[in-house]
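Go ahead and model the full structure; you've got the sequences and the hints to work with.
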Amino acid sequence: MSSENPASVASADPSVAREQADRFVSVHQKIRAEVGRAMVGQDEVVDGVLAALFAGGHVLLEGVPGLGKTLLVRTLGQAVDLQFSRIQFTPDMMPADIQGTMVLIESEGGAHRLEFQEGPLVANLVLADEINRATPKTQSALLEAMQEKQITVGKRTIRLTEPFCVMATQNPVEQEGTYPLPEAQLDRFLFKVLVGYPREAEYAEILRRTTGRTDAEVAKVSNGAEIVELRRIVRAVPVPEHAETYAVRLVMGTQPKSGYSSKLVDDMVALGSSPRGAQALLLGAKVKALLARRFSVAIEDIAAVAPAVLRHRVMVNFRAHAENVSVEDVVKDVLKTVVAPRGA
Amino acid sequence: MTNDVLLRAELDRIGAKIASSLQRARIREAAAARLRATAPWLVIAPAVAVVIASFGRLVDPRIGVDLLWIAVFAIAPTLVLTLLAVFEVALRLTHGSEGLARLDHDLRLEGRLRAAHDFLSRAETSSFQRAAIEDAVPHLARAAAYEVPTTRVEWPIGRLLSCSALAVVLGVLAAFLAPTEGGSAETVGARRDPFVAASPTAQRRDAPARERGPTDSKKPEPERTKSPGAETKTSAAKAAPSLDSKARESEGKTGEGISANATPTNAASNSRGFTSSQTPPSDKTEKTEGKPKKVKPKKPEKEVPTVKKKLDSSGATAGKGTGAGSSKNPGSTEWESKDQTTSDEEDPLTEDEEVNDEDDESEARGGLQPSLRDRRPATNRDLLIGFGNQPNPDANGRGGPSEQKKSRGVASLVLGVPIPDHVKGQPNPGRTKITQERVLPEPDTVAPLAAESRPPRSSPVAARDEGALPAEPWLHTLVKNYFLAARAVGAASESSASKAKGP
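Residue numbers (our numbering), protein chains in the order written: chain A, 2 to 345; chain B, 175 to 677.
A few of these clues could be false.
[As the list claims (entries may be wrong)] Lysine to any residue pairs mimicking SDA-like chemistry, simulated, CA-CA at most 20 Å apart:
| # | chain 1 | residue 1 | chain 2 | residue 2 |
| --- | --- | --- | --- | --- |
| 1 | A | K156 | B | A621 |
| 2 | A | K221 | B | E262 |
| 3 | B | K191 | A | P342 |
| 4 | B | K191 | A | K156 |
The set of hints was computed from the structure by calculation and includes no laboratory data. Remember, it's a predicted structure, so these values are computed and weren't measured experimentally.
Here it is, written out as structure tokens:
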């Protein structure tokens, strides 16, 4: 392994970059293969989750029950040997239930002391199941953890160990008694991945694996330290100026009345993406570029991750609902309308 | 570093070559597009020339057309706009990076060339940037040999030919229609007109005209009087002075219309140079002339009976002083200007006459508009229940939904979402039985205990050892004596009971 810091600008040896890129691709393929032993199909979902893990972000999985969302995250935790915890959100859940709380502990000699009992949020991979069932108060308890990678309970601040990744799921069907995620929290998810039904050919394999005698065993192929190292490699991928400009224009294209918005956006969008969207575009594009064995971000990489980045950052207005214009339509229109910069 | 410089130069060269190809293609496309858009304009100037020639032929033979000028005005706009479009595109330079972007796209290099060019321009490069630069080198040869496929530009030849042919036909028609005879003394003015008198025939025409006197200018006049509007114009010109005087004498109901120098806005305007009048249809004028004799016995001076009717039909009321406020339908009269009526009679209506003259007015207006005095409110066709226009809240839904329900139902149909009824509860008068009472917690002013600051217990919490005696021995003695006494009492009672039973 090279001891070079990939973030160093002074190092100009391209062989270091090639070695790191090869390592990244190798680990990614190993993890992908292990997850594939338990998870049938859903290639886009698995790629999106892995991209979010390597980009250092969080991912929101949306799909109807029974599609393997929980299985995916659990399998990923086993393959990467990360501490995994699952939080099943309910409407009566309080922030202390997930962050942790002070409990009274009896020590030797009859003494009593207060001790902080960590909640399930203190883990590497956190599966937040049905996050839209929790109250806004509980949902906002996740905000600090997701953004700052720390938890504050009273006077105590607990730094969450890296890598820390929240993979939340939500059910698009059950809207009764749910609390839609606020925009501030939605913005903190790097990707929103839609989990769909498996194909007909995949049903047979799913049934064979899940109703057979033995369950698939997932081996540990990586660890937390390696994931942290790979995250640094991702961040070292450079972005040319024209790709950066394209990412900015895409984000501005979702904002009504901006210079790059189309008529559909002006009429149908209430709130466009924030600059976090541009950050997410570049991080996701870097992962894509490395997986394609390139050493810089291309416009095609940004366009490939744009739907997953923008679909939860764009809020349509009432007119869009009345005219049956979805966010997906808006994002497609933005991708079609915003052209890459020709040249300085 | 030298390799970097050479590499950068090579990329610049390749990019510039592709960029110039793109620029040329864009210019061709812009020119073709502009020609396609402006080809129909070739027809405009000849069409205008035809109109002018027709007008000159019919009205004023001094006005003619010149084929040369027609051609110039036909071709100039198209040519100028096309050249402007070409210059506009040419001024927008196509940069070399755009050429590289085109190469990346056509050769499917996923931005390698452009990224390499960007990183080479930076002072320091990281390992990844160097790797990206090296990644682009194997593709340079292919990029250098690449030629941008020339896109076929569809020149609008067919459209140009058809429009040109049409323009030629119109030009010839204009030349054919242009008057050939009739010169006039006003050839100077005609010369100012570019369509006129640049040709020798026009000059020859003008020369004998200069020898004629001013009387000859009257010759076209008899032709003019033959036109349909001419008679009315002359009659209007004659009637104009009387109208002015009549207007000054007019009074309204309140006399507000009196003004020494008041002139009606509908009076013949001298500034316009000629007068025009409004002539209602002859049938209606005859009717209106006949009827007032029957219904209006009292009339002021009937100096010009025709003016009054024309004024009525014109709809103009300014200066007349009538408060009737009649709104005439302009469409019922001919095309002459409404404001230039030359009627010579004015007959302001009084109150009695207003009521009786509703029919007259509507007929004078052509019967197309109802009288504004008939202002009954529209019939309310809403489904109402209850008393008059007020809904009965106790109707229990009979008679249809209430206004509020209807409004809510329409809103739910429009929005596509059900909007439930909201029923406001209202407590009945009398004692209210409260089955559930909400008690709000009151804040406690006690200082919060700090658990950590409390000292540990001095005594154990769990069950005491038997050997550990209380600190107060008298209490132990007291309890012991009590149990001993209780045992003794119990034993005595048992012995007495056994004795009572006996053997």
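So, going through the hints one by one against the coordinates:
At most 20 Å may separate the alpha-carbon atoms for a hinted pair to count; A:K156 and B:A621 meet this at roughly 18 Å. Proximity of A:K221 to B:E262 is assessed by CA-CA distance (about 63 Å); at most 20 Å being required, the pair is judged violated. Proximity of B:K191 to A:P342 is assessed by CA-CA distance (about 19 Å); at most 20 Å being required, the pair is judged to hold. Between B:K191 and A:K156 the CA atoms are separated by roughly 66 Å; this puts the pair beyond 20 Å, and the hint is violated.
The earlier numbered hints that this structure contradicts are 2 and 4.
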